[in-house]
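Participant: Residue 333, in this note's numbering, is where the sequence shown stops; the numbers in between run on with no holes.
Hints are not guaranteed to be accurate.
[Stated by the list, open to error] Pairs of lysine to any residue, SDA-like flavour, derived with a Cα cap of 25 angstroms:
1) 327 with 316
2) 189 with 203
3) 327 with 161
[What the hints assert, rightly or not] Computed spacing ranges between beta-carbons, pair by pair:
4) 206 with 145: 41 to 49 angstroms
5) 33 with 325: 48 to 56 angstroms
6) 49 with 319: 44 to 52 angstroms
7) 236 with 279: 24 to 32 angstroms
8) 225 with 332: 18 to 26 angstroms
9) 69 with 49: 20 to 28 angstroms
10) 115 with 288: 39 to 47 angstroms
11) 144 with 224: 14 to 22 angstroms
12) 207 with 279: 45 to 53 angstroms
13) 114 with 33: 32 to 40 angstroms
14) 114 with 49: 28 to 36 angstroms
These are calculated hints, taken from the structure and not from any lab test. This structure is a prediction, so every number in the text was calculated from the model and none was measured. Backbone N, C-alpha and C define an ideal beta-carbon position, used for all residues, glycine too.
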Amino acid sequence: MSTSTRRLFLAGATATLALPRLAAAQQAAGLPAGWPDRPIRIIVPYSAGGITDVISRGVAIGLQAALGQPVVVDNRPGANGTIGTTAAARAPADGTTLTMGITDTFAINRSTFPSLPYNDEGDFAPISMVTRVPFALMIGAHRREITDFASFVREAQREAGRLSHASWGVGSSSHLAFEFIARSQRFEKLHVPFAAQAPGMQAVASGQVDSMMLPVGGAESLARDNRAHIIALAHPQRIDLTPGVPTLGELGVPLSTGLWLALYAPARTPPAIVARLNEAVRSAVRHEQTLAVFRQQAGTPEPSTPEELAAFVRAEREQWGQLVREKGIRVAA
C-alpha cells in the first residue's frame, strides 16, 4: 500500500469511527440523529433584488458553512410579505424551512391588516436576530431643485400634496418612516405604493416618483450612478457608506429607524433544533462572505437569543402600532 493510499484509508477510518460519536453527541443534545440531513430552505416573503432577499442570500452562505448542508432561498412575494410568511408558518416544524422575518411582517402587519393569515407570535419560533440596516431619504435626480433636507421640506410644503414618495406597500416600514417625516415637518404628500423595493427604486431613478425611504444600501447604489441623491439618514450617526450625508437627528427630526431582519422557524420546532440553529446563525453572521454583504448594506451582525428577539419584537409592535393608529393606516381587505 502506497503512502498516499494509506493516508486516505486512515482518514476514512477516522471519519467512520467519528460518526457514532457525532450521533451520540446529537442525541445527547436532543437533536435527531444526523440533523440536518437535507437542505435548509429560507422563505423570503419578498421578490429578488430587495434588501430582504440580498441579506438572506448572504446569510445562506454562512449557514451552509455552519450546518454542512445546502441552504437555498425561496422567494414568495406578495401582499406586504404575508404570502411567504404564511407559507413558512404552515411548513413542517422540523427546522429545515425557515423564514427571514422583517419589521413589516413581524411588527407592522398585525396593525395594518384587518385580518392577518398568520399569527406573528403563535405560528413561529424565534431563532435569532440577524442584522439591522438604516433607512435613507432618497430624492430622484430629476428633482434638481432639491439639494438638501431644507429644500426638500420647502418644496414639499409648497407643492401641498403633489410631492410623491414610493414605498414597497401601504403600511410598510418604508411608508411609515416617510409618514413620520411628513408629520414632523407638516407637509402633505402623494404616496405611490409598489409591490416591492426594487420597482419603487426604479420609479424614483426614472423620474416617475420623487422620493423614497429605503435601506441605505439600495439608495447608495442609485446615488453612485447619479440617478438619485441621498439627503438624510434615519440613523443615530453618519455612516461610511454615505460620506457627508447628515442624520435626521442632526436636522431636527427625531427619527432613527430602519429594517431589522431575523430568522424564524415554524412553531413547535423542537427546542434542540432551535438551539442548534441559533448557534449556526451566530457563526453564519461572522462568515467572511456574509459580512461582505452586510457591509454593502451598512448592516452589522446582531445575533441574539430567541428570548431577546421575542422581547425586542414585542416592543417594536407597540411602537409601530401606535404610529399606524395615529395615521389611521389600513391595508384594504
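Participant: Does each hint fit the structure? Answer for all of them.
Facilitator: Status of each hint after checking the structure:
1. 327 with 316: Status holds; Cα separation ~17 angstroms.
2. 189 with 203: holds (16 angstroms)
3. 327 with 161: Satisfied, since the Cα-Cα distance of roughly 16 angstroms is no more than 25 angstroms.
4. 206 with 145: 41 to 49 angstroms: Hint violated: Cβ distance 18 angstroms, outside 41 to 49 angstroms.
5. 33 with 325: 48 to 56 angstroms: For residue 325 against residue 33, whose Cβ atoms are near 50 angstroms apart, the range 48 to 56 angstroms holds.
6. 49 with 319: 44 to 52 angstroms: violated (28 angstroms)
7. 236 with 279: 24 to 32 angstroms: holds (30 angstroms)
8. 225 with 332: 18 to 26 angstroms: Given range 18 to 26 angstroms: violated, Cβ gap about 35 angstroms.
9. 69 with 49: 20 to 28 angstroms: At 26 angstroms between Cβs, range holds.
10. 115 with 288: 39 to 47 angstroms: This hint holds: roughly 44 angstroms between Cβ atoms.
11. 144 with 224: 14 to 22 angstroms: holds (18 angstroms)
12. 207 with 279: 45 to 53 angstroms: holds (48 angstroms)
13. 114 with 33: 32 to 40 angstroms: violated (45 angstroms)
14. 114 with 49: 28 to 36 angstroms: holds (29 angstroms)
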